[in-house]
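*Asks:* Model the full assembly from the supplied sequences, consistent with the hints where possible.
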Amino acid sequence: MQRDLSDRIYGGVVGAIAAASVLLLLAPTLVVLIISLTSGMTLKFPPPSWSARWYVELFRSPELLTPALTSLQVALWTTLFSALLGSAAALALARNRSRSARLLDALFMSPMVLPAMAFSLSLLLVFNVIGIRLSFATLVLGHTIVCVPFVIRMVGAAVQQLDPVLVTCSLSLGASRWYTFRRITLPLIRRGIVAGGLVAFLSSFDNVPVSLFLADARTEVLPIKLWAILEGSLDVRVAAVSGVIVVLTLIGLVCAETLGGLSRSFGKSSS
Amino acid sequence: MSTPRPTGKLAPALPLALVFLAAFVLPLVALVAISLFRTPAFAELSPAQYLRFLGDPFSLRVLADTVMLGLEVALCALVLAYPLALVYVASGPLIRTGLIFLILLPLLTSTVVRTFAWIVILGRDGIVNSAMLSLGLWDSPARLLYSWGGLVLALTQIQLPLMALPLINSLLRLDGNLARAAEGLGAGRVRVFVTVILPLTLPGAIAGLLLVFAAAATAFITQTLIGGGRIILMPSYIYQQSMGVQDWPFAAALSLIFTAAVIGIVAAIGALSRRLTRGLDAA
Numbered sequence: 001m002q003r004d005l006s007d008r009i010y011g012g013v014v015g016a017i018a019a020a021s022v023l024l025l026l027a028p029t030l031v032v033l034i035i036s037l038t039s040g041m042t043l044k045f046p047p048p049s050w051s052a053r054w055y056v057e058l059f060r061s062p063e064l065l066t067p068a069l070t071s072l073q074v075a076l077w078t079t080l081f082s083a084l085l086g087s088a089a090a091l092a093l094a095r096n097r098s099r100s101a102r103l104l105d106a107l108f109m110s111p112m113v114l115p116a117m118a119f120s121l122s123l124l125l126v127f128n129v130i131g132i133r134l135s136f137a138t139l140v141l142g143h144t145i146v147c148v149p150f151v152i153r154m155v156g157a158a159v160q161q162l163d164p165v166l167v168t169c170s171l172s173l174g175a176s177r178w179y180t181f182r183r184i185t186l187p188l189i190r191r192g193i194v195a196g197g198l199v200a201f202l203s204s205f206d207n208v209p210v211s212l213f214l215a216d217a218r219t220e221v222l223p224i225k226l227w228a229i230l231e232g233s234l235d236v237r238v239a240a241v242s243g244v245i246v247v248l249t250l251i252g253l254v255c256a257e258t259l260g261g262l263s264r265s266f267g268k269s270s271s
Numbered sequence: 001m002s003t004p005r006p007t008g009k010l011a012p013a014l015p016l017a018l019v020f021l022a023a024f025v026l027p028l029v030a031l032v033a034i035s036l037f038r039t040p041a042f043a044e045l046s047p048a049q050y051l052r053f054l055g056d057p058f059s060l061r062v063l064a065d066t067v068m069l070g071l072e073v074a075l076c077a078l079v080l081a082y083p084l085a086l087v088y089v090a091s092g093p094l095i096r097t098g099l100i101f102l103i104l105l106p107l108l109t110s111t112v113v114r115t116f117a118w119i120v121i122l123g124r125d126g127i128v129n130s131a132m133l134s135l136g137l138w139d140s141p142a143r144l145l146y147s148w149g150g151l152v153l154a155l156t157q158i159q160l161p162l163m164a165l166p167l168i169n170s171l172l173r174l175d176g177n178l179a180r181a182a183e184g185l186g187a188g189r190v191r192v193f194v195t196v197i198l199p200l201t202l203p204g205a206i207a208g209l210l211l212v213f214a215a216a217a218t219a220f221i222t223q224t225l226i227g228g229g230r231i232i233l234m235p236s237y238i239y240q241q242s243m244g245v246q247d248w249p250f251a252a253a254l255s256l257i258f259t260a261a262v263i264g265i266v267a268a269i270g271a272l273s274r275r276l277t278r279g280l281d282a283a
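Quick note, the sequences are listed as chains A and B, same order.
Taking my numbering, the leading residue of the first sequence gets 1, the next gets one more, and so forth.
Taking my numbering, the leading residue of the second sequence gets 1, the next gets one more, and so forth.
Some hints here could point you the wrong way.
[Said to hold, decoys possible] FRET-style restraints, in silico, Cβ to Cβ: (1) B:92 with A:172: 40 to 46 Å; (2) B:146 with A:59: 30 to 36 Å; (3) B:18 with A:46: 52 to 58 Å; (4) A:136 with B:139: 49 to 55 Å; (5) A:51 with B:137: 26 to 32 Å; (6) A:65 with B:92: 29 to 35 Å.
Treat the hints as calculated values from the structure; they're not laboratory data.
Please read all numbers here as calculations on a predicted model, not as lab measurements.
Cβ coordinates follow ideal geometry from the N, Cα and C atoms, glycine included.
*Replies:* Shown next as structure tokens:
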């Protein structure tokens, strides 16, 4: 039975690689959580013994807390602007087949293809030429450009699933455009806005290339601070910061899943 | 009620369009203009920066290495993600939810954090080295960090979700009857995969390849931290020429060449896939 044998080998190979992938997906998260609880001064694995000392140490490290707070603020403003501008754009573009709508959609999506470094450098050069000083605002502007595509994709997917008949019905029954938007459209695309907003927030919080070029000397964001630390020495406090980020991301993921079915909108928007 | 004119319908997109015009289109035009200056002091228009790039073996190698890195990582991710996606579609709802969480968590976790994990895994006192030493398989710790192989491995893991999601998507859309019919007609599972599943999920695979390629080629953080100072790739080269040396015209030219290379390869793979799938429709 040659076919039987080849079927079994196929099944074995697929299963083994899939298992390796699962391990590979899981390992870094576990490694971060384990090493963050080390009692030692180095990143030696496995940890000599367990301790929460590096988490305690974080509270005494303003040089890490300040960038974390800055990153949080940048990400919140970026999410707000991305959600407002992006949702409006998605509502206008998602069902529009006209040439100008397709063109605008392609323009709004292009930050995803364009290397972020090239875009950030270009914006920095324009600021230099015009004479705009770098500030918190320039940073948020740069972040918004690279984060807004996520909102447009996910809200766009939600708009496309929305049955246009519902809107037509509401309007023909005498409801105003604003009332229809508030009571029909908005609740139905809420899931997309939540998911898109979350991804925009996380990618702003995580962003390095834009912050590298567009932050002024006083505005230091967390990922760049961590990068600078890791470039120099291997400070175990980075492990504790990473542990906090992993746990917060996990909480955010669970919240988004229960609030808006993140995995579903992800599955639909990533095609 | 008359149907609104199409331009009126576009109105909600206008605020974002204005922001993009000022902070995206205009800067890119400026980037092209600045790349055409001959000196860092913006004197004399000429294609000197591009000629400098083309005549410099170091710069050319940096670009070639970066493209190679992107392609290697994309292929490794494809090999790992296909079985994962096949297991996903064959599983029940509970395992599916678990797998999606497993895929989404690293995707949403900060890149610096994921890169940091790989420093712990690959470092001198890291997991791989201490495991190999205590098992007696290696005599001395190997240099895994700051190596090309380590970089490819770390980037493959970090970008794996970008490959898995589109693949799962296109496997879910595949009509299961086709595979069952082929099996019923006597094809083995390998043959079903090669002749039915693979061609029909090619668009998903291509989408994943493009995403992973672009992400891996531009991954500044992972490239600098795992690759170390000796492996120089386009993103850190651009950073060094702009923020370090402050040679703005050359940095601008480098960014544009890099952008053109990334978009060119993305377009080439896209065109290839359209040709392949068109042949499929005709058959």
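*Asks:* All hints are to be evaluated individually against the structure, with a verdict given for each.
*Replies:* Hint-by-hint comparison with the structure:
Under the hint 40 to 46 Å, the C-beta atoms of residue 92 of chain B and residue 172 of chain A, about 44 Å apart, fit the expected range. Distance hint for residue 146 of chain B and residue 59 of chain A: a CB-CB separation of about 33 Å, consistent with the stated range 30 to 36 Å. Between residue 18 of chain B and residue 46 of chain A the Cβ separation comes to about 55 Å, which falls inside the hinted range of 52 to 58 Å. At roughly 53 Å, the beta carbons of residue 136 of chain A and residue 139 of chain B sit within the given window of 49 to 55 Å.
Taking 26 to 32 Å as the suggested C-beta distance range, the pair residue 51 of chain A and residue 137 of chain B conforms, at roughly 31 Å. Distance hint check: the CB atoms of residue 65 of chain A and residue 92 of chain B are about 44 Å apart, inconsistent with the given range 29 to 35 Å.
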